[in-house]
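Protein chains: 2
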Amino acid sequence: MTLTDIEADEDVTARAGATVYVCVTCRKPDDPDDGPRPGLMLARATAEAARGTGVAVCQVECLANCSRSLSAALRCKGTWTYVFGGLEADRDAEALIEGARLLARAEDGLLPWRGRPDILKRGLIARVPPFDFTEGD
Amino acid sequence: MTLTDIEADEDVTARAGATVYVCVTCRKPDDPDDGPRPGLMLARATAEAARGTGVAVCQVECLANCSRSLSAALRCKGTWTYVFGGLEADRDAEALIEGARLLARAEDGLLPWRGRPDILKRGLIARVPPFDFTEGD
Chain A
1 MTLTDIEADE DVTARAGATV YVCVTCRKPD DPDDGPRPGL MLARATAEAA RGTGVAVCQV
61 ECLANCSRSL SAALRCKGTW TYVFGGLEAD RDAEALIEGA RLLARAEDGL LPWRGRPDIL
121 KRGLIARVPP FDFTEGD
Chain B
1001 MTLTDIEADE DVTARAGATV YVCVTCRKPD DPDDGPRPGL MLARATAEAA RGTGVAVCQV
1061 ECLANCSRSL SAALRCKGTW TYVFGGLEAD RDAEALIEGA RLLARAEDGL LPWRGRPDIL
1121 KRGLIARVPP FDFTEGD
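Which chain is which? The protein sequence lines are A and B, in order.
Per the working numbering, residue 1 is the first one in the first sequence, and the count goes up by one each step.
Per the working numbering, residue 1001 is the first one in the second sequence, and the count goes up by one each step.
Accuracy of the hints is not assured; some may be wrong.
Residues of chain B placed beyond 12 Å of chain A at every Cβ, according to the derived structure [what the hints assert, rightly or not]: (1) Arg1027; (2) Pro1029; (3) Glu1048; (4) Arg1114; (5) Ile1119.
Below are the DSS-like pairs computed for lysine-lysine, each with C-alpha atoms no more than 27 Å apart in a straight line [stated by the list, open to error]: (6) B/Lys1028 to B/Lys1121; (7) A/Lys77 to A/Lys121; (8) A/Lys121 to A/Lys28; (9) B/Lys1077 to B/Lys1121; (10) A/Lys77 to B/Lys1077; (11) B/Lys1028 to A/Lys121; (12) A/Lys28 to B/Lys1121.
Listing some non-contacts, in silico: residues in chain A with all C-beta distances to chain B over 10 Å [what the hints assert, rightly or not]: (13) Arg15; (14) Gly17; (15) Glu94; (16) Glu135.
The set of hints was computed from the structure by calculation and includes no laboratory data.
We put the CB at the ideal spot given by N, CA and C, even for glycine.
Kindly generate the complete structure, drawing on both the sequences and the hints.
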């Protein structure tokens, strides 16, 4: 299903540019130094989960959330940006894609609390307003 | 000094839209419930420090970095976005403006480590790429 399909299906306007940024450098303190980084494994799983959804998955070297990894961020054009931590490579790919799709359908550009996957509640690290934000929005 | 002055003065191109977002809801766990929020006091001090610099200061209700407040974020058009925590209302306004000016002069859109005020090293919470970021940037 593409974002256009979501729009047709749910009678809402889906925003363009829904993107999940996944830190590919992240690992937990007790993860081995060799082998693929858990962050990279999360990025690959998220790309797999994104197939057919219209959500882009972008690998990033570092989101600077190292002490609370694994890390990822969500953003659509014109929305707030959300940073998450405490993610697991083998558990949270679908939640990230579901979050991106929720955000793409949010008229106010804010990721709704209701219906948000639990890890995107517990793991919220920070949020930043869109570029055209003005006080009082 | 405006960003145009910075450009003339330092022979670099300053980016547009240098903005500091300050969370006005933030307070420390032991701060009293009444009286102005420390976050609001930081926002006011930062606006004062920004005078004549060309840096915009924007008050935000919540940056969702509550457990490591006080909180602020920096961004210019086309740069990475940086979120900081552990700020102090009576200490860190100048550092935020200095950070915004450094970022405005950064050709690669990354806040340089060298010359960065110490609190913007210690207090880094997360960073997110610009909207037009692609893997390999």
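We went through each hint and held it up to the structure:
1. Listed as outside the interface, B/Arg1027 is consistent with that label: its C-beta sits roughly 17 Å from the nearest C-beta of chain A, beyond the 12 Å cut-off.
2. Residue-level check passed: B/Pro1029 sits 18 Å from the nearest beta carbon of chain A, beyond 12 Å.
3. Here B/Glu1048 stays apart from chain A, with its beta-carbon at least about 16 Å from theirs, past the 12 Å limit.
4. With a least beta-carbon separation of about 16 Å from chain A, B/Arg1114 lies farther than 12 Å from that chain, consistent with its non-interface assignment.
5. The beta carbon of B/Ile1119 is kept farther than 12 Å from every beta carbon of chain A, the shortest such distance being approximately 15 Å.
6. Annotation: proposed proximity of B/Lys1028 to B/Lys1121 holds, straight-line Cα distance about 20 Å (limit 27 Å).
7. For the hint pairing A/Lys77 with A/Lys121, the CA-to-CA distance comes to about 22 Å; that is within 27 Å, so the pair holds.
8. Distance check on the hinted pair: A/Lys121 and A/Lys28 sit about 20 Å apart at the alpha-carbon level, within 27 Å; holds.
9. For the given pair, B/Lys1077 sits about 22 Å from B/Lys1121 by alpha-carbon distance, which is consistent with the 27 Å threshold.
10. Taking the CA atoms of A/Lys77 and B/Lys1077, the gap is about 14 Å. The hint holds against a cut of 27 Å.
11. Between B/Lys1028 and A/Lys121 the CA atoms are separated by roughly 21 Å; this keeps the pair inside 27 Å, and the hint holds.
12. For the suggested pair A/Lys28 and B/Lys1121, the alpha carbons sit about 21 Å apart, so the restraint of at most 27 Å is met.
13. A cut-off of 10 Å between C-beta atoms confirms that A/Arg15 is not in contact with chain B; the least separation is 12 Å.
14. At roughly 7 Å from the closest C-beta of chain B, the C-beta of A/Gly17 falls inside 10 Å, breaking its exclusion from the interface.
15. The Cβ of A/Glu94 lies farther than 10 Å from every Cβ of chain B, with a closest approach of about 22 Å, so its non-interface assignment holds.
16. Distance to chain B contradicts A/Glu135 as a non-interface residue, since its nearest Cβ pair spans about 5 Å, not more than 10 Å.
The structure does not agree with the numbered hints 14 and 16 stated previously, though it agrees with the rest.
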